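Asker: Given these sequences and hints, build the entire structure.
2 protein chains.
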Amino acid sequence: MELVQRARQGDRRALARLITLVENEAPEAVEALQELYLFTGKAQVIGITGPPGSGKSTLTDKLVKELRKEKKKVAVIAVDPTSPFTGGAILGDRIRMSDLNLDEDVYIRSMGTRGSLGGLSAATSAATKVLDACDFDYVFIETVGVGQSEVDIVKAADTTIVVMVPGLGDDIQAIKAGILEIGDFFVVNKADRDGANRVALELRMMLDLNEQKLVWQPPVLMSVANQNQGIAEIVAGIKDHFTYLKESGELAIKRRERLEKELLEIVSKKIYRQIADKVQREGKLKQYLDSLMKKETDPYTLVKVILQDVIKT
Amino acid sequence: MELVQRARQGDRRALARLITLVENEAPEAVEALQELYLFTGKAQVIGITGPPGSGKSTLTDKLVKELRKEKKKVAVIAVDPTSPFTGGAILGDRIRMSDLNLDEDVYIRSMGTRGSLGGLSAATSAATKVLDACDFDYVFIETVGVGQSEVDIVKAADTTIVVMVPGLGDDIQAIKAGILEIGDFFVVNKADRDGANRVALELRMMLDLNEQKLVWQPPVLMSVANQNQGIAEIVAGIKDHFTYLKESGELAIKRRERLEKELLEIVSKKIYRQIADKVQREGKLKQYLDSLMKKETDPYTLVKVILQDVIKT
Numbered sequence: 158m159e160l161v162q163r164a165r166q167g168d169r170r171a172l173a174r175l176i177t178l179v180e181n182e183a184p185e186a187v188e189a190l191q192e193l194y195l196f197t198g199k200a201q202v203i204g205i206t207g208p209p210g211s212g213k214s215t216l217t218d219k220l221v222k223e224l225r226k227e228k229k230k231v232a233v234i235a236v237d238p239t240s241p242f243t244g245g246a247i248l249g250d251r252i253r254m255s256d257l258n259l260d261e262d263v264y265i266r267s268m269g270t271r272g273s274l275g276g277l278s279a280a281t282s283a284a285t286k287v288l289d290a291c292d293f294d295y296v297f298i299e300t301v302g303v304g305q306s307e308v309d310i311v312k313a314a315d316t317t318i319v320v321m322v323p324g325l326g327d328d329i330q331a332i333k334a335g336i337l338e339i340g341d342f343f344v345v346n347k348a349d350r351d352g353a354n355r356v357a358l359e360l361r362m363m364l365d366l367n368e369q370k371l372v373w374q375p376p377v378l379m380s381v382a383n384q385n386q387g388i389a390e391i392v393a394g395i396k397d398h399f400t401y402l403k404e405s406g407e408l409a410i411k412r413r414e415r416l417e418k419e420l421l422e423i424v425s426k427k428i429y430r431q432i433a434d435k436v437q438r439e440g441k442l443k444q445y446l447d448s449l450m451k452k453e454t455d456p457y458t459l460v461k462v463i464l465q466d467v468i469k470t
Numbered sequence: 158m159e160l161v162q163r164a165r166q167g168d169r170r171a172l173a174r175l176i177t178l179v180e181n182e183a184p185e186a187v188e189a190l191q192e193l194y195l196f197t198g199k200a201q202v203i204g205i206t207g208p209p210g211s212g213k214s215t216l217t218d219k220l221v222k223e224l225r226k227e228k229k230k231v232a233v234i235a236v237d238p239t240s241p242f243t244g245g246a247i248l249g250d251r252i253r254m255s256d257l258n259l260d261e262d263v264y265i266r267s268m269g270t271r272g273s274l275g276g277l278s279a280a281t282s283a284a285t286k287v288l289d290a291c292d293f294d295y296v297f298i299e300t301v302g303v304g305q306s307e308v309d310i311v312k313a314a315d316t317t318i319v320v321m322v323p324g325l326g327d328d329i330q331a332i333k334a335g336i337l338e339i340g341d342f343f344v345v346n347k348a349d350r351d352g353a354n355r356v357a358l359e360l361r362m363m364l365d366l367n368e369q370k371l372v373w374q375p376p377v378l379m380s381v382a383n384q385n386q387g388i389a390e391i392v393a394g395i396k397d398h399f400t401y402l403k404e405s406g407e408l409a410i411k412r413r414e415r416l417e418k419e420l421l422e423i424v425s426k427k428i429y430r431q432i433a434d435k436v437q438r439e440g441k442l443k444q445y446l447d448s449l450m451k452k453e454t455d456p457y458t459l460v461k462v463i464l465q466d467v468i469k470t
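Residue numbers (this note's numbering), protein chains in the order written: chain A, 158 to 470; chain B, 158 to 470.
Source of the hints: derived by calculation from the structure; they are not laboratory data.
Everything numeric in this text was worked out from a predicted model, so none of it was measured.
Even glycine gets a Cβ: it sits at the ideal position worked out from N, Cα and C.
Warning: the hint list may mix true and false statements.
Claimed, not checked - Label-pair ranges, simulated between beta-carbon atoms:
1. A:Q437 x B:M158: 42 to 52 Å
2. B:A183 x A:A389: 49 to 59 Å
3. B:L358 x A:L366: 48 to 58 Å
4. B:R361 x A:A389: 47 to 57 Å
5. B:E439 x A:G406: 24 to 34 Å
6. B:A433 x A:G210: 48 to 58 Å
Answerer: Okay, structure coming up:
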């Protein structure tokens with residue numbers, strides 16, 4: 158596919174179009190992803206999550222710049238499952254990153270809510286694959302919003318950084334156990350503020366209490382991102398974690414699990430469409446819905462009928 | 158099924174167990190839902206959504222009490238896709254409603270995040286069906302959090318109320334077009350605050366600008382829920398909307414569309430499970446994943462193979 162070739166040769170417009178293609182699940186997307194798959198697996202995918210106001214964007218910005226000193230190719234996917242009520246914080250955040258946009262070896266992409274959240278997570282995952290296959294060394298997935306959905310999104314990363322900040326009310330107490338479990342390491346950002354040491358200490362204690370005995374002990378690092386403090390240490394931590402993942406065999410396990418989930422998800426999506434088409438095409442759907450509306454049958458009984466019609470035994 | 162009978166006879170503990178059953182997609186849930194389906198379709202399902210701090214819980218509380226004056230059976234499903242970072246606002250809200258809990262003809266149920274958001278929306282929908290079949294006249298689905306997911310949840314309602322409030326910063330400007338489209342009516346709550354009239358006026362103007370020409374013109378109402386002001390008018394509006402839906406035929410259309418989506422979702426979920434079991438059982442999954450990890454094939458090519466194996470052509 159010409160678009161794939163051009164994107165892999167560094168054509169940024171082709172890259173952007175390719176990501177749009179896979180995001181929208183265009184018909185050509187399958188062909189593109191088939192071709193790209195062979196080139197995937199080299200990039201380290203890093204998820205960055207944390208409460209609003211913790212400075213995730215600034216931190217990501219600085220991490221990208223630090224990695225650029227080593228001439229690495231870096232991509233950022235900024236995910237914004239924008240609330241329809243509060244909306245639009247992302248734009249301001251991303252504008253701050255605009256100087257990075259001038260760098261040929263940095264690629265920044267925003268992703269907003271489209272339809273379902275399942276869709277957003279799938280779109281992020283597909284874009285990650287495109288970037289990986291186009292030889293980006295690091296792909297950051299940064300979530301701008303806050304919620305379970307973002308946690309699900311960053312779960313797809315090899316390395317997950319949870320960013321905390323002092324002075325957010327209940328601080329650590331407000332954080333649920335789930336967060337501790339997804340973090341491969343923790344960054345207390347805005348560490349020049351009062352209470353930063355306490356946040357780090359409490360995090361450390363909660364991590365120690367965590368019953369899961371892990372081989373990898375998640376470090377707790379401090380940063381003042383807007384003053385570039387602590388950035389080099391975080392980059393070192395990111396690299397350490399990737400080395401650990403590779404040497405321990407955990408990377409292969411994680412990726413295999415992700416492939417399994419992905420494979421079955423593609424299967425189920427395809428099946429849904431095939432069945433929807435089939436019942437529609439054969440005019441059966443109307444008939445089914447008529448009898449449901451008249452309460453002549455119920456959805457569960459009907460499902461059995463449809464399955465017998467569709468599935469090989 | 159005995160549990161269904163008891164729940165339909167007004168046994169509250171049976172009702173609670175039944176909802177838990179369908180929420181968790183227990184094996185017996187299908188049998189229960191099959192039986193219940195015939196009794197569904199009478200309740201008016203009302204979604205209540207809006208930004209945090211708009212007083213949705215208090216408003217719902219008062220609406221329930223107003224409907225109780227007419228001896229209606231009323232249920233409230235309080236949905237809280239709790240953020241893992243902020244968590245737990247719902248408890249305080251629900252405690253305020255505790256006097257309603259003493260009323261035999263009021264049923265209140267909280268639903269938290271469980272696994273995926275798709276799961277939460279499915280659980281809400283299933284619980285709504287149980288309550289409808291158990292002769293509740295009104296089922297309120299109130300979302301405590303804020304986000305696209307909640308909007309998706311309330312979309313399953315017959316009537317959607319969007320609650321606004323003066324003094325939330327950018328007010329109306331911050332609200333996206335999507336919200337205007339889902340609201341069957343709008344309530345400006347805390348209308349004793351400065352700026353309430355302006356919020357109502359702006360809403361009205363934005364609704365008029367809305368290009369979709371609707372038969373139903375969404376009213377904008379004012380309330381001070383904690384002083385019981387405007388509640389009777391909202392209840393009247395809820396009833397008007399249901400009458401409109403029935404007389405225009407829109408209710409039947411909406412419900413038919415919902416049934417279609419639901420039917421196909423149940424089918425694809427069932428097939429997904431069958432396929433996952435099948436490939437696992439036959440030891441093919443391991444083989445598939447091995448060849449994926451070795452890049453001998455790609456997920457999309459593999460999906461075709463799996464489908465050919467399972468689906469009738």
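Asker: A separate judgement is required for each hint: does it hold in the structure or not?
Answerer: Each hint, compared with the structure:
Against the hinted window of 42 to 52 Å, the Cβ-Cβ separation of Q437 (chain A) and M158 (chain B) comes to about 33 Å, which falls outside the hint. A hinted range of 49 to 59 Å holds for the C-beta pair A183 (chain B) and A389 (chain A), which are about 52 Å apart. Between L358 (chain B) and L366 (chain A) the beta carbons are some 54 Å apart, a value that agrees with the proposed interval 48 to 58 Å. A C-beta distance of roughly 55 Å is found between R361 (chain B) and A389 (chain A), which places it inside the suggested range of 47 to 57 Å.
With their beta carbons about 26 Å apart, E439 (chain B) and G406 (chain A) fall inside the hinted range of 24 to 34 Å. Between A433 (chain B) and G210 (chain A) the CB atoms are about 41 Å apart, so this pair departs from the stated range of 48 to 58 Å.
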